[in-house]
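Enquirer: Residues per chain are reported as follows:
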Amino acid sequence: MATTELGVLYKDLVQSFSARPADLKKCGVLLSKLKIGLISAGLLVPQPDALLEDLVVAREILEIGAFWSIRTKDIPSFDRYFSQLQTFYNDFSSVLPPSPREFPLRGLNLIRLLTQNRIADFHTTLESLPLPADSLTSNPFISHPINLERWLMEGSYSKVWNAREEAPAEEYKFFVDSLMGTIRNEIASCEETAYDSLPIKDAGTLLFFNSQSELVTFAQQRGWQVNLTEGTITFAKKGEEKVEIPREKLIQANLQYARELEQIV
Amino acid sequence: MADVEMKSADEKKAEEAKEEEKPKKIPLTPAAEIKQNAALIERAVSTFEPRFTHRVLRTLTSLKKRLDADALRDAIEEIYPTESSLRQQLLSWLPAATSDHTMEVDSVTTKQPPTEPVPETEIYLRLLLIHYLLSSSSNYGKAIELSRQTVEKIQALNRRTLDPISAKVWYALERAYELGGELADARPLFLAAQRTASLRHDEETQASLINRLLRSYLQYNLYDQADKLVSKTTFPTSASNSQYARYHYYLARIKAVQLNYSAAHTNIQQAIRRAPPATTAPGFYQAIHKLSVIVELLMGDIPERSLFRHPVLEKALTGYFEIVKAVRSGSLSQFQNALSKHAAQFEADKTHTLIVRLRQNVIKTGIRRLSLSYSRISLRDICVKLHLDSEEDAEYIVGKAIRDGVIEGRIIHEKGWMECGGQKGGYGPEVIDVFNRRISYCLELHNQSVKGMRYPLNAHRKELAAAEGARSREKELAKELAEGGGDFDDEPGLGEGF
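Sequence lines, in order, name chains Z and C. Numbering of the first sequence is given in full-length UniProt numbering, commencing with residue 1 and proceeding in unit increments. Numbering of the second sequence is given in full-length UniProt numbering, commencing with residue 1 and proceeding in unit increments.
Rather than coming from a laboratory, the hints here were simulated on the basis of the structure. Predicted model, so just to flag it, every value in this text is computed and none were measured. Using N, Cα and C, we set each Cβ at its ideal position, and we do this for glycine too. Hints are not guaranteed to be accurate.
Unchecked claim - Each computed EDC-like pair below joins lysine to aspartate or glutamate, with the alpha-carbon atoms no more than 20 Å apart:
#1 Lys415/C / Glu186/Z
#2 Lys249/Z / Glu430/C
#3 Lys201/Z / Glu186/Z
Said to hold, decoys possible - To give an idea of the chain C side of the interface with chain Z (calculated C-beta under 7 Å), a few residues:
#4 Leu199
#5 Tyr223
#6 Asp224
#7 Gln225
#8 Val257
#9 Thr353
#10 Gln360
#11 Ile397
#12 Gly399
#13 Ile402
#14 His413
#15 Asn436
#16 Leu443
Based on the sequences and whatever the hints tell you, model everything.
Expert: Given below as structure tokens:
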């Protein structure tokens with residue numbers, strides 16, 4: 001019973017998802033129903049004895065779910081769908097036929113990690129991709145986040161800014177905004193250490209702001225002193241280096257040495 | 001104790017008997033060595049002294065290379081009494097012997113000690129059998145089978161004296177699975193055993209198993225799981241140096257992937273220090289240095305030139321040497337060439353992704369060199385010298401370098417140049433910390449080695465007796481002198497002179 005009902009819902013979902021523009025609300029309702037269906041059919045966490053076709057369907061439902069979460073801008077939900085998909089991608093890769101959506105989704109996940117500035121996780125994920133390292137760059141879905149990461153690491157922020165329109169898939173654009181936020185924060189923290197003060201106009205261009213008011217609110221968030229009359233931004237000095245001799249620590253260390261030496265001699 | 005000594009004496013006789021039969025080339029035939037080791041294990045069990053077992057296991061590496069079916073058969077047949085069922089079990093793993101050989105061995109077995117050896121000996125023999133089976137690729141299936149059985153047996157026996165051997169057995173098991181190409185299948189086994197081992201405070205097995213697990217995770221690039229394993233377990237402090245070296249190596253690999261280079265570097269140094277000398281374990285030495293070179297580069301340091309002249313490393317590191325040269329000169333094109341030329345090697349070493357990351361370091365090293373040689377340099381010049389695409393990029397890149405602490409300096413935006421801060425003074429609180437760390441390391445080392453000294457039981461008695469004797473002799477002498485000397489003067493304190 002469950003499987004026939006699932007089949008109907010699944011067709012419905014595919015239809016409403018591939019329609020242009022996709023009926024996102026309906027997809028959401030269908031997805032939550034389908035998830036319950038998958039659980040009762042024991043397919044949400046796939047077992048090795050499950051039927052191959054069922055697994056493929058389950059994978060597709062989850063994939064659509066992941067795309068849907070991005071379109072509805074629900075990142076935690078994307079996270080959940082993606083981690084459920086991982087089982088299909090990693091542990092069942094030898095059994096299931098490869099999915100055309102696998103690499104777009106993996107790429108999206110990489111971008112998500114980038115935008116959240118989780119660089120260590122980004123590299124761990126990159127390392128565990130089932131591709132040989134030198135073919136990573138030939139896969140457009142993967143090479144995009146790789147390039148972005150490289151530029152971010154180098155500090156070529158303007159290249160990232162320029163690449164924001166060159167996304168290989170529709171869904172990648174969703175991350176552009178949050179990526180820009182990440183970049184701005186990066187640049188801002190660089191400026192704080194690298195400059196004493198900056199003219200407002202130049203700060204605006206460096207941070208890719210179009211209007212001065214945006215810049216001023218941003219500056220206030222970061223606690224910069226904006227001097228509108230002189231047209232400069234002064235960066236808050238992060239605590240002048242205090243050179244103080246840690247007396248207590250020194251005394252303790254010396255006593256410790258004395259005690260140890262006494263034991264030896 | 002006496003009993004054991006008797007036995008080893010017995011065996012020596014057997015050995016001599018054997019030696020008469022065939023001319024001796026090497027000091028100890030493998031079979032004889034195995035028998036000697038069995039005796040040592042026997043002694044370790046009866047005296048609860050794990051160090052005898054350790055001594056046995058130290059010979060494992062060299063013994064492994066000389067093992068053959070005949071030696072094993074000889075050893076098993078001589079250690080076990082003829083009627084023992086274990087003997088048949090163990091022998092069944094070996095290929096059938098040629099008939100005349102069995103005859104000859106039979107005559108030797110009559111001299112056997114009649115007692116059944118301790119289970120530790122059996123496990124040790126099984127360990128040797130696994131290693132023997134692993135030496136030819138057709139036997140991998142059998143090796144897996146045998147190692148599984150052995151592990152089950154170990155767990156059923158649950159004897160503390162078995163711990164050091166069982167740690168080695170786990171290693172052999174992993175090796176069997178890896179060579180058989182089914183390493184992933186062994187993981188549940190390791191995980192279960194790791195739990196048991198930590199419950200039983202079996203630290204050696206625990207250390208060995210943590211390394212097994214890490215290896216199997218890293219083999220399949222599962223850095224996430226490996227990292228979680230590391231954070232959830234504590235590596236036993238009493239683990240042997242070789243286990244520590246491995247553990248540090250795996251940690252370094254995980255940390256390098258997670259961009260935590262300085263931590264990775266510390267781990268690498270630990271691993272190098274604890275690793276056996278280059279000539280005994282060249283494979284590990286090369287692997288760790290490959291990683292070390294890359295991590296050092298990623299940290300912005302240039303590895304020493306002498307490293308690449310090391311006889312063990314020279315050949316293995318050629319690809320890496322080219323990368324180092326490229327990074328050192330800050331030339332992106334040279335870097336790209338070296339990378340594509342040696343891509344296959346890097347791929348095999350699993351350092352490819354790390355090396356790709358070096359690209360940004362080529363730039364960073366360049367900036368660093370500029371900052372050291374100029375006190376003030378315009379952004380345009382930086383752009384030209386480092387082959388950057390635009391001045392705008394250069395500004396961001398320099399800014400980032402300053403923030404990341406690669407260079408000390410400041411950008412003066414209005415004038416379009418970078419001012420490089422002077423070097424910090426060499427004295428300050430950090431120096432104290434560094435000194436403190438070193439001193440406490442030395443003190444710790446001293447204390448540990450004092451603790452590590454071994455005094456044989458009751459040995460001081462002998463010395464005491466000798467001292468006692470010396471003292472009484474001294475007294476007599478003093479008395480004689482006093483008596484004899486009495487003729488000359490009556491000074492009472494003559495004895496004090498002694």
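Enquirer: Could you run down the list of hints and mark each one as holding or not?
Expert: Status of the hints after comparison with the structure:
With a CA separation close to 23 Å, the supplied pair Lys415/C and Glu186/Z exceeds the 20 Å bound. Restraint check for Lys249/Z and Glu430/C: the C-alpha separation of about 12 Å stays at or below 20 Å, so the hint holds. Of the supplied pair hints, the one linking Lys201/Z and Glu186/Z holds, its CA atoms being roughly 19 Å apart against a limit of 20 Å. Using the Cβ-Cβ criterion of 7 Å, the hint placing Leu199/C at the interface with chain Z is not satisfied: the shortest such distance is roughly 29 Å.
This hint holds: Tyr223/C has a C-beta 4 Å from the nearest C-beta of chain Z, less than the 7 Å allowed. The criterion of a C-beta within 7 Å of any C-beta in chain Z is met by Asp224/C, whose closest approach is roughly 5 Å, and the hint holds. Nearest Cβ of chain Z to the Cβ of Gln225/C: about 9 Å, over the 7 Å cut. The hint is violated. For Val257/C, the shortest C-beta to C-beta distance to chain Z is roughly 5 Å, which falls under 7 Å, so the interface hint holds.
Because the beta carbon of Thr353/C sits about 5 Å from the nearest beta carbon in chain Z, less than 7 Å, this interface hint is met. A hinted interface residue such as Gln360/C counts as satisfied when its beta carbon comes closer than 7 Å to some beta carbon of chain Z; here the least separation is about 5 Å, so the hint holds. Hint on Ile397/C holds. Least Cβ distance to chain Z is approximately 4 Å, under the 7 Å limit. Given hint, Gly399/C at the interface with chain Z, holds; its Cβ is 4 Å from that chain's nearest Cβ, closer than 7 Å.
Restraint check, Ile402/C versus chain Z: the minimum CB separation of about 4 Å is within 7 Å; hint holds. Satisfaction of the interface hint for His413/C is found here, the shortest Cβ-Cβ separation to chain Z being roughly 5 Å, below the 7 Å cut-off. Interface hint at Asn436/C: satisfied, since its Cβ lies 5 Å from the closest Cβ of chain Z, which is below the 7 Å cut-off. Nearest Cβ of chain Z to the Cβ of Leu443/C: about 5 Å, under the 7 Å cut. The hint holds.
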